[in-house]
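Asker: Residue numbers (this note's numbering), protein chains in the order written: chain A, 1 to 277; chain B, 1 to 316; chain C, 1 to 283.
Keep in mind that the hints were calculated from the coordinates and are not lab data. There could be a bad hint or two in this list.
Per label pair, the in silico range of CB-to-CB distance [stated by the list, open to error]:
(1) Leu21(C) <-> Leu133(B): 14 to 22 Å
(2) Lys132(B) <-> Gly139(A): 45 to 53 Å
(3) Pro145(B) <-> Phe221(C): 47 to 55 Å
(4) Gly139(A) <-> Leu191(C): 56 to 64 Å
Derived lysine-lysine pairs resembling BS3-like cross-links, with alpha carbons at most 27 Å apart [to be verified]:
(5) Lys119(A) <-> Lys209(B)
(6) Lys202(B) <-> Lys143(A)
(7) Lys119(A) <-> Lys297(B)
All C-beta atoms, glycine included, are put in the ideal place defined by N, C-alpha and C.
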Amino acid sequence: MMNLVLDPEPKVSVPRMAPIQMNDVQTDSKISVRDFDFFYGPLKVLHGISLEIPARKVTALIGPSGCGKSTFIRSINRMNDIIPEARATGAIVIDGRDVYAGDTDVVELRRKVGMVFQKSNPFPKSIYDNVAYGLRIGGMRNKRQLDELIERSLTRAALWHEVKDRLHASALALSGGQQQRLCIARALAVDPEIVLMDEPASALDPIATSKIEELIYELKDNYTIVIVTHNMQQAARVSDRTAFFMLGRLVEYAETNEIFTKPKEKMTEDYVTGRFG
Amino acid sequence: MRRSSDDRKFRLGTGVFAALVLLIVIGIAVELTRQSTLSIAKFGLKFWTTSIWNPVSGDFGALPFIWGTLYSSILALLIATPIALGIAIFISELSPGKLRQPLAYLTDLLAAIPSIVYGLWGVFVLVPFVRKLEVVTPGALKTIPLFQGPPLGVGMLAAALILAVMVIPFTSSVAREILKNVPSAQREAAYALGATRWEAIKVAIGFGKSGIIGAVMLGFGRALGETIAVTMVIGNSPQVSASLFKPQYTMAAVIANEFTEAADELYLHALIEIGLLLFIITVGVNMISRLLIWSMKRRVAAPVITPIVPAEEALA
Amino acid sequence: MTANLRRRKLFSRLFEVLCALAVVIALIPLTMILFYVIKEGAGALNWDFFTKMPKPVGESGGGMANAIVGTLILISIAALFAVPVGGICGVHLAEYPSTKFSSVVRFAADVLNGVPSIVVGIFAYGLVVLPVKRFSALAGGVALGFLMIPIVVRTTEELLRLVPGGLREGALALGATRGRAVFGVIVPAALPGILTGILVALARVAGETAPLLFTALNNRFWSTNLTQPIASLTVQVYTYAQSPYDDWHRQAWAGAFLLVMMILALSIAARVAVRRLERMNRP
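Chain A with its partners taken away, still in its complex shape:
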C-alpha cells in the first residue's frame, strides 16, 4: 500500500509546476486542491499538488506504482492522520472550507467524504449491521429509518436484490465482489457528498470489476467520485477527468479522452501508451 519508492531527486525532468492548464470550461469545483505538499517525517511525498475536482463527475488518478496517488486520495479525507509523523502543507478546500484548517472536525469530514478501500473490509457482522454502522454511530436508532436508509444504500450499490432476503446473514459469507459493493453501500449510507475509491476493483475478478465500474457510472449522478486506479482502461472507461501523477507530482490533468488521445506532456503520453509504468 505505502510502497512509496520515491526519489527525492527525480532523474526524469518534470515540467515546472505552472498553474495547471484545464482544457475546458470549469464546472463547479467540489474539491479545490491548492499547492498541497505531504510529508512522511522528513520525506516529501507529494509536491505542490494543485487541481480542481468537479462536482458530480468521476475523476480518476492514474500513475505508476509509488507515484503518490494513494497518498493523495487519502489526504482528502485525512485518513493519513492515522499515520504517525504524517504532515501536510497547502490546502484542500471542500465546499469553501479548508480540510486542513485548524478548526476542521475530522470526524465530520469523514461523514461528508466516504471511502472505499482496495481490499474490501466488511466488519464481521451481518450485512444489515455493516451498512447500519455509520448511521448508528451518528446516533440513528429508529428501526424504520435505519431499514429505509439501508435499503436505499444497498440499492444504490446494486446489491439490494442479491441480499434482501438475508440481511442478517454474516457479511463475510458474501463473495469478494459482493463484499466490495457492501462496503460501497456502507459508505453511501451516511450520505456523503464525495466518495473516494482507492483501487476498488483491483482485488476482483473481471465480472465483479465490470459490475463495480457500472456502479461508479451510476453513482456519479449523485456523488462526486475520485478514483485511484492502476488500470488505464478502467480510467478511460469510467472517468470524466483524469489526473496523471508521477513521483509525487501532478504531471497532467485534463478531460479523460484528451489525456488518452492527445496528452500534452510527453511523460503522460509515454505512460498511457504503455512505454513505462
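Starting from the structure of chain A, add chains B and C where the hints point.
Answerer: Leaving out everything else, chains B and C in the frame of chain A:
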C-alpha cells in the same frame, strides 16, 4: 515414499520423548484419581455439597473450598479484567510508539514476580491495609452480609485483590496480542465512516471478541490455581460466607496447608480429591480459553512462516 | 459540531483517559512490591545470610545458606530432567509439525502448562515420595521439572521452526543422517534462543513454593542429599513469613529480595539475548 531407516529411527527416538510429555499429563489425571479413591468411595457426590471439614471425625466436605476458590477468582476477575483490557488497549492502540515496549515490559514484569513474594507483600502490606479499610467501614454497611465480619485484614477481599494483581499481566498480554492481530483495515473502515478513536477501537475489539474472552478465561484459570499468595492472606478458615471480610479457604490453599498433616489415608485422599477437581476445572477453563484464542487467530489470515517440512515428511 | 458529535468525542476522550488510568493502576502494586522488597530486603541482606544456617527457633541471626543451595540443587535436578525431555519433544514437534500425534502432544503440553503447580506437586508426591515413603529433594526437583517442560517444549519448537529450511536440506544433501542434521546443525543454530528459553523457565520454577511443600519439604539443616528433604529459598521464606518472629520476617524479606533480583537478572538477560538474536538473524 522411501523412508530411510535412519529417518524412522529419528522419528521414533524423538517421538518417545514427545510421548513422555503426553504420558505426564495422562499420568497426572490417573494418579489424582487413583489417590482419591477412598474419599470418592466413602463420600460420593456428597463430598461436593457438604460443608463439614473435620479431620478428627473423618467427615470431609469440600463445599467451603469450592466456594472460596470460585468466589475469590470471580471477584479477582471482576477487578482485574477491566484494568487488564484497559492496559491492553492503551499499549496497543493509544500509546505513543516509543512507550509501547517499556510499558509492555513493565506489565509483563508483574507476571514474573513469584507467588511467595506477592504473599509476603500481601501479609505485611496488603492485609494491614485491608484491616484499616475494614475498621473504617461504617457500621451501617457492616450489617449487610457482604461486609460482615471482624476486622482481621485477612479474608476474601485481600485474597481477591492479590489475585487480581497477579491475573492482570496474563490477561493483558494475551489481549494485546489479539488486538495486534486485528487487521488495520478494520479500524480504517471505521475511521473512514467517521468514527471517533474509541469507536474505531470498539470495532477492533469486536473483531477480536472471542480471543479477548479467551484472554479473560486464561486469567481466570490462573486465579483458580493460585496457591501461596492466596493462602497467606485469606485466613484459611473453611466457611461458606458471602462476606468480603470473613476469612475463608480455597481448594489450593487447603491442600498446601494440610497435606503434610494428613495423618490417615482417608484424609489424604480427601485432599487429593480436591486436587482432582481443581485439575479438572483448570484444565477445562484453559482448554476453552485456548479454543477461543485459536478460533480468533484463524479468522485472521495468518502470516505464513515457511514451514520447515522436507519433501518426504510432507507426504508422510 | 452537533451535540451528538460532541458527546461522542467526549466519550472517546474519557475512555482514552480510563485506559491510561488502568496502566497507572497496574503499575502501583508493581512499584509497591518492588519498593518494599528492596526496602526491607536489601537492608537485611548480609554476608551471614549467604553463609550461615538458620538458627533454632526464637534465636535471631543466622542465614539461609542451606536454602540458597537447596534452590540451586532443585532447579538443577529440574533442568536435568526437563531439558532433555522437553527439548527433544520440541525437536519432534518442529520436525513433524502437522501430524496428528504432534497436535495431540502440543495440546498436552498446553494443558500441562495450565495445571496449577500444587497439583503437579501432588503428582510428584505420588510418583516419587509415596513409593519410598520419604520426602526428598529428588521429588521436589521432579515436580519443578514437570513445570518446566511445557515452557521448554514451546520455546524449542518455535525456535527450531525459525531456522531456515535450507540448513537441513544442506546437511542432508551432504549425507548426514536425519539425527545428525537436526542435532548437529539445526539445534546448534537455534541454541542461543533455546538456552534463553531454558533460563526463563528456570527463573519461573525457582520461584515456585507450592509443589515443594510436600515433595522436598524443608530442612533446617545443611543437606545436599538428594534422597532427603532439602531446604529451598521459597519454602524458607514461606515458613519465616508465617512465624511470629521479627528477625525471621526480616530474613524472609531478604530471601524475597534475592528471588526477585535473580528473576529480574534472568529476565533482563533473556531480553538482551533475544534482541541480540534478532539482530543476528536479520539479513
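Asker: For each hint, tell me whether it holds in the structure or not.
Answerer: Against the structure, the hints come out as follows:
Between leucine 21(C) and leucine 133(B) the beta carbon distance is about 21 Å. The supplied range of 14 to 22 Å therefore holds. Distance hint check for lysine 132(B) and glycine 139(A): the Cβ-Cβ separation is about 47 Å, which falls inside the suggested range of 45 to 53 Å. Checked against the given bound of 47 to 55 Å, the beta carbons of proline 145(B) and phenylalanine 221(C), roughly 49 Å apart, stay inside it. The supplied range of 56 to 64 Å is met by glycine 139(A) and leucine 191(C), whose beta-carbon atoms lie about 60 Å from each other.
The suggested pairing of lysine 119(A) with lysine 209(B) holds, with an alpha-carbon distance near 22 Å, which does not exceed 27 Å. About 22 Å separates the Cα atoms of lysine 202(B) and lysine 143(A), which keeps this hinted pair within 27 Å; it holds. A hinted pair counts as satisfied when its Cα atoms are at most 27 Å apart, and lysine 119(A) with lysine 297(B) qualifies at roughly 20 Å.
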